[in-house]
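*Asks:* Now for the letters of each chain:
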Amino acid sequence: MISLAGDVGGLRLRNPLMLAAGILGTTGASLARAGREGAGAVVTKSVGLTPRDGHPGPTVVRIGVGLINAMGLPNPSYLAFQQEIDLAREGGVPVVASVFGSDPSEFSQVASGLVADAFELNLSCPHAERYGAEIGCQPANVEEVTRAVKRAVGAPVWVKLTPNVSDIVGLGLAAQQGGADAVVAINTLKAMAIDVESGYPILGNRFGGLSGPAIKPVAIRCVYELSAALDIPVIGVGGVGCWQDAAEMILAGASAVQIGTALSGGYQVFRDIAAGLSKYLVRKDMTLEEMRGLARRRS
Amino acid sequence: MISLAGDVGGLRLRNPLMLAAGILGTTGASLARAGREGAGAVVTKSVGLTPRDGHPGPTVVRIGVGLINAMGLPNPSYLAFQQEIDLAREGGVPVVASVFGSDPSEFSQVASGLVADAFELNLSCPHAERYGAEIGCQPANVEEVTRAVKRAVGAPVWVKLTPNVSDIVGLGLAAQQGGADAVVAINTLKAMAIDVESGYPILGNRFGGLSGPAIKPVAIRCVYELSAALDIPVIGVGGVGCWQDAAEMILAGASAVQIGTALSGGYQVFRDIAAGLSKYLVRKDMTLEEMRGLARRRS
Amino acid sequence: MRPASSVIREVLEETESVRTLRLDHSFDPLPGQYMMLWVRGVDEIPMSFSGPDLITVQRVGPATRAIFSLDVGDSVGVRGPLGTGFSLTGRSALLIGGGVGVAPLAFLGERARAVGMEVTSLLGFRSTSEAVFLDRFRRLGRVVLTTDDGSEGICGHTSAGLCELDPSAFDQIYLCGPEVMMWDVIRRCQGMESRIQACISRYIKCAIGVCGSCCIDPDGIRVCVEGPVIRADRLTAGEFGRYRRGPSGGPDVCKSVH
Amino acid sequence: MRPASSVIREVLEETESVRTLRLDHSFDPLPGQYMMLWVRGVDEIPMSFSGPDLITVQRVGPATRAIFSLDVGDSVGVRGPLGTGFSLTGRSALLIGGGVGVAPLAFLGERARAVGMEVTSLLGFRSTSEAVFLDRFRRLGRVVLTTDDGSEGICGHTSAGLCELDPSAFDQIYLCGPEVMMWDVIRRCQGMESRIQACISRYIKCAIGVCGSCCIDPDGIRVCVEGPVIRADRLTAGEFGRYRRGPSGGPDVCKSVH
Ligand SMILES: Cc1cc2nc3c(=O)[nH]c(=O)nc-3n(C[C@H](O)[C@H](O)[C@H](O)COP(=O)(O)OP(=O)(O)OC[C@H]3O[C@@H](n4cnc5c(N)ncnc54)[C@H](O)[C@@H]3O)c2cc1C
Ligand SMILES: Cc1cc2nc3c(=O)[nH]c(=O)nc-3n(C[C@H](O)[C@H](O)[C@H](O)COP(=O)(O)OP(=O)(O)OC[C@H]3O[C@@H](n4cnc5c(N)ncnc54)[C@H](O)[C@@H]3O)c2cc1C
Ligand SMILES: Cc1cc2nc3c(=O)[nH]c(=O)nc-3n(C[C@H](O)[C@H](O)[C@H](O)COP(=O)(O)O)c2cc1C
Ligand SMILES: Cc1cc2nc3c(=O)[nH]c(=O)nc-3n(C[C@H](O)[C@H](O)[C@H](O)COP(=O)(O)O)c2cc1C
Ligand code: FES
Ligand code: FES
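Chains F, Z, A and B supply the protein sequences, listed in that same order.
When the letters of the first sequence are read in order and numbered with the numbering used here, they come out as residues 1 to 299.
When the letters of the second sequence are read in order and numbered with the numbering used here, they come out as residues 1 to 299.
When the letters of the third sequence are read in order and numbered with the numbering used here, they come out as residues 1 to 258.
When the letters of the fourth sequence are read in order and numbered with the numbering used here, they come out as residues 1 to 258.
If you are wondering where the hints come from, they were derived from the structure by calculation, not from laboratory data.
For glycine and all other residues, C-beta sits at the position ideal for the given N, C-alpha and C.
Take these hints with a grain of salt, some might be off.
What the hints assert, rightly or not - Here chain Z is said to cover these stretches of chain F; the calculated rule only asks that three of the stretch's residues, wherever they fall, bring their Cβ under 8 Å from a Cβ of chain Z:
#, region
1, 159-172
2, 189-197
As the list claims (entries may be wrong) - Simulated DEER-style distance windows between Cβ atoms:
#, chain 1, residue 1, chain 2, residue 2, range
3, A, ASP71, F, CYS242, 44 to 52 Å
4, F, CYS242, A, ARG188, 54 to 62 Å
5, Z, VAL169, F, LEU79, 31 to 39 Å
6, F, ARG12, A, SER75, 49 to 57 Å
7, F, ALA5, A, PRO52, 45 to 53 Å
8, F, GLY276, B, ASP24, 52 to 60 Å
9, F, THR287, B, ARG231, 52 to 60 Å
10, F, ALA5, Z, CYS242, 45 to 53 Å
11, B, THR236, Z, ASP86, 37 to 45 Å
12, A, GLY61, Z, ASP231, 35 to 43 Å
Kindly produce the complete structure, drawing on both the sequences and the hints.
*Replies:* In structure tokens form, the structure reads like this:
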């Protein structure tokens with residue numbers, strides 16, 4: 001089998017497939033399991049300064065084209081979370097801590113309070129007041145938060161961007177300017193579902209984030225735009241469920257690919273996609289490096 | 001059968017279901033057909049100052065969750081288009097002229113050069129340089145264009161908004177401020193698809209707009225947010241293909257619903273949805289008016 | 001998929017704080033499977049099936065209180081059936097349940113009888129006034145009853161009833177109830193873990209195996225889709241019986257049985 | 001769905017400006033159906049099937065020129081089969097084709113023979129050097145040939161060959177070729193419109209019936225999905241033969257036949 005290993009955003013990965021933030025990332029055991037079942041790296045659930053129970057249910061609605069979720073950033077606080085990261089390491093792959101906060105100092109406090117292989121800054125969750133996309137839709141905030149965390153920690157810092165803006169490239173450039181080692185695109189699209197029988201918005205929080213197949217075309221576009229404009233690596237996420245999806249991301253310019261919603265089909269998605277990508281590279285007689293961003297050179 | 005008739009954005013409609021802009025809207029005959037086959041109103045293809053052939057093909061990619069298109073605003077110019085509008089009238093329902101331009105004066109020139117029952121300003125197409133969303137993502141532009149067209153024409157003016165922004169409500173408020181009689185939400189999401197075998201972006205224009213089931217949760221969210229904030233009616237569009245989808249839009253606050261991508265299943269979508277909505281209202285013992293925006297009162 | 005809307009057809013008072021609701025369609029569940037029940041405007045919570053169209057609810061907090069305010073003709077949102085069910089194997093079954101946890105076991109026992117299995121039940125309640133479904137269990141076979149307050153049957157926790165029975169004589173043991181009770185039984189039945197199926201409870205949010213809320217140590221089993229019924233030999237080496245995670249994901253220690 | 005990738009297995013030179021490509025899989029099309037052929041980096045254009053795995057391309061502009069630069073082993077993107085095919089009815093068929101429009105008719109004629117129909121062909125070309133598929137047609141039955149320059153067969157437009165035949169003697173007439181030719185034939189066969197099927201050409205962009213580019217007056221028929229094969233009685237009262245729309249949607253007058 002051809003090698004899928006490579007360096008991405010300051011980490012050495014055995015393959016470019018990662019567990020996305022907030023997916024089976026609450027416990028060290030479930031994170032370690034993703035590593036054992038073939039992921040190249042795992043990202044934790046986003047953690048913050050103080051414990052949060054999250055939004056009331058329903059927190060996830062499955063619709064034909066994906067999921068809408070409003071978990072509401074439940075987490076036991078960073079203080080209680082180090083033990084999960086330590087356990088997650090037993091999966092044998094790098095563990096990336098996803099962190100959130102309401103301002104640069106909160107972000108820095110959380111990140112510097114944790115030991116992890118890298119940090120992913122959640123500046124993009126579309127359904128939590130004062131957090132995520134509420135700050136992350138302004139390039140100035142993105143740059144400031146990134147710079148603050150870069151100063152506070154030694155590990156690589158990735159910035160996860162929101163697609164709910166007119167210019168995601170502006171956010172990516174701000175992250176790069178702030179010193180980010182990579183950007184991650186995209187978080188979910190702000191969305192909603194209503195129960196026709198009762199008239200109620202289905203999610204306890206009314207608004208949520210759309211993920212899964214529905215958002216892949218938006219994610220591909222964002223990855224393509226970002227990788228054309230940035231010098232730092234772009235990690236693609238959004239709607240990847242099979243090797244063709246991952247290939248599309250890499251052709252668009254992604255250095256690695258995260259997988260979220262597709263985990264509802266089971267952990268074997270990592271092995272299946274890795275096998276599919278390997279076969280494709282062999283058939284095309286190409287390396288992963290040559291494949292990356294090919295779509296930009298083809299247009 | 002319960003009545004679905006009502007006044008929407010300055011027009012009297014026999015039912016709240018319209019053919020969306022750019023869908024079978026190139027010829028008077030196809031527009032008239034939509035009227036004859038059950039639409040409550042029809043919106044034309046967007047027309048501009050000078051003829052445009054549109055982007056090279058592929059112009060439309062069908063993906064599992066919808067379509068991605070980059071037609072590139074092909075149109076024979078407004079001068080050649082009046083005859084189509086006149087023919088379209090033979091469908092027996094109001095004909096709304098969708099117009100585009102690169103600045104307020106271009107918009108006004110095109111609109112005042114046409115006779116139609118209402119105008120829809122395309123400030124939202126995501127894949128034509130200098131047009132659509134490129135100007136429509138700034139509230140100030142939206143307000144200015146709306147005001148200019150309002151001054152130039154006697155008919156009602158609707159403004160079609162782009163969802164590719166962090167705050168669609170700001171755009172809606174700008175349209176209202178500019179004198180719009182209604183807003184239409186949403187146009188397509190900026191998106192892309194790549195051919196895995198060759199590495200080429202599939203669309204001739206590389207970037208295009210995502211429509212169909214994939215975007216309905218985003219459209220519902222936008223309609224909900226807009227109808228909560230605006231005094232003028234909100235016309236919902238995005239992913240409606242069955243009566244439940246239309247019901248979700250109306251529950252979210254839509255005064256009328258436009259249908260685009262679902263026409264690929266045939267014109268009977270209008271009659272099917274109208275029948276489904278009527279039955280629903282009878283079963284729930286509700287009027288269309290009572291149904292509208294129910295989700296806001298339920299949360 | 002989206003929650004379906006289901007109308008309540010019947011409300012049965014079991015005890016002061018437990019009610020059974022009959023819904024307007026059968027979900028064709030396996031005993032042990034659950035549904036996510038959406039009380040609109042309040043919350044969505046997991047509920048085991050106590051029959052093809054039945055759920056049995058104990059009032060403990062906001063969502064279950066809201067369920068108690070519903071009446072015949074009201075509707076709820078339902079997703080299900082979800083998760084794994086009990087699997088019926090062998091010729092003799094011992095059902096061990098505590099409190100409202102006996103609900104899925106009554107359903108299971110009826111299915112076991114229907115396929116000709118012998119059914120014995122060991123049921124524990126705080127007091128006789130809190131006992132539910134005794135008649136359903138008695139119709140199935142022998143019932144050993146315990147109450148914490150001694151108001152009926154053996155006085156003590158459920159496991160106190162084990163002395164009346166020889167667990168090793170049964171082909172399969174089915175557990176549902178408070179975690180400390182199940183833990184206690186599993187410990188007392190050492191060596192039989194591979195013949196014990198436990199229906200366990202964890203904080204279930206997404207119910208489709210993505211959010212991570214329900215995962216248990218040490219293997220990261222997703223209780224919502226790989227459970228709630230889990231063989232006891234997968235439960236002995238980790239968090240089960242020791243701690244469980246609340247809504248934030250942080251662990252709380254399980255109250256010990258004594 | 002997305003365009004599939006198909007490899008060119010064979011390239012056959014028919015004339016100086018017409019080539020037939022054999023693709024690496026059969027699309028199981030009906031004669032008359034078409035595919036959208038994506039020449040990557042250039043354009044996507046409609047092409048009729050001239051066989052289960054064949055298309056026959058005339059070089060006229062950028063996209064077709066790009067096709068001519070492709071070789072065996074190169075690949076193209078394909079969507080199809082699309083649209084309606086010819087329907088085979090009756091016992092005798094008259095095929096009337098002009099130029100590269102004869103391509104789908106050769107495929108149709110072969111299918112007609114295979115089900116035992118009698119096949120007669122009236123084929124028109126500008127000159128003998130531009131004639132294609134004569135051998136395929138001759139294998140099917142009688143062939144009447146016309147050339148504009150008189151280099152072979154009857155000198156004149158295709159319809160000049162009608163005097164050699166009695167169109168009313170055929171159960172069904174199948175047309176494909178330049179619009180003015182088809183219009184001319186339909187006019188000369190007045191009263192027989194319901195027995196004539198014409199494979200017509202309009203500007204096809206989306207090919208799935210949403211963009212409106214291909215719609216024809218007066219009924220708004222979507223040629224891409226309700227055509228390209230349309231019965232002649234639906235073609236006599238509107239734009240067909242009079243004007244057609246270009247890529248902008250604006251009408252251009254059809255060049256008259258003389
Ligand atoms: C698979 C499964 C099957 C269940 N079957 C039944 C049943 O048949 N009958 C019954 O009465 N109860 C059942 N429960 C427990 C029931 O879900 C909780 O009692 C209910 O969620 C409490 O909600 P509340 O708002 O009333 O109380 P809260 O005050 O919100 O919670 C009280 C306690 O209930 C538990 N709980 C709350 N929310 C959840 C949740 N989303 N997931 C899991 N536990 C939660 C926690 O332990 C919490 O401390 C089951 C739980 C699970 C996991
Ligand atoms: C249903 C159908 C079946 C066809 N089958 C064949 C065939 O079997 N063999 C063959 O050689 N040609 C066929 N054509 C015509 C072929 O599609 C055009 O020749 C081709 O699109 C020209 O593209 P170009 O870039 O080479 O030329 P251009 O210079 O772009 O166009 C030359 C002319 O081709 C036509 N054309 C261009 N683009 C399109 C389009 N998207 N849709 C329709 N017409 C277009 C127009 O009349 C235009 O004036 C068919 C057309 C249709 C509609
Ligand atoms: C249930 C759920 C929870 C999520 N939680 C987080 C989170 O805590 N932090 C974060 O940055 N992204 C979170 N996401 C977003 C995902 O990491 C990912 O960006 C998004 O789902 C798109 O990828 P997918 O289509 O593969 O799921 C969550 C997504 C889902 C579905
Ligand atoms: C092929 C195609 C062409 C379109 N052309 C236009 C257009 O010219 N002007 C416009 O405002 N919107 C245009 N749209 C957007 C639709 O009007 C509509 O906003 C969008 O497709 C979402 O609705 P749907 O999901 O029902 O298709 C077009 C959409 C498609 C698919
Ligand atoms: S409840 Fe979400 S993974 Fe189990
Ligand atoms: S080509 Fe688009 S409708 Fe026919």
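*Asks:* Determine for every hint whether it applies to the structure shown.
*Replies:* The hints, checked one at a time:
| no. | hint | in the structure |
| --- | --- | --- |
| 1 | 159-172 | holds (count 4) |
| 2 | 189-197 | holds (count 7) |
| 3 | ASP71(A) to CYS242(F): 44 to 52 Å | holds (47 Å) |
| 4 | CYS242(F) to ARG188(A): 54 to 62 Å | violated (48 Å) |
| 5 | VAL169(Z) to LEU79(F): 31 to 39 Å | holds (37 Å) |
| 6 | ARG12(F) to SER75(A): 49 to 57 Å | holds (54 Å) |
| 7 | ALA5(F) to PRO52(A): 45 to 53 Å | holds (52 Å) |
| 8 | GLY276(F) to ASP24(B): 52 to 60 Å | violated (21 Å) |
| 9 | THR287(F) to ARG231(B): 52 to 60 Å | holds (56 Å) |
| 10 | ALA5(F) to CYS242(Z): 45 to 53 Å | holds (47 Å) |
| 11 | THR236(B) to ASP86(Z): 37 to 45 Å | violated (23 Å) |
| 12 | GLY61(A) to ASP231(Z): 35 to 43 Å | holds (41 Å) |
Violated hints for the displayed structure, listed by number in ascending order: 4, 8, 11.
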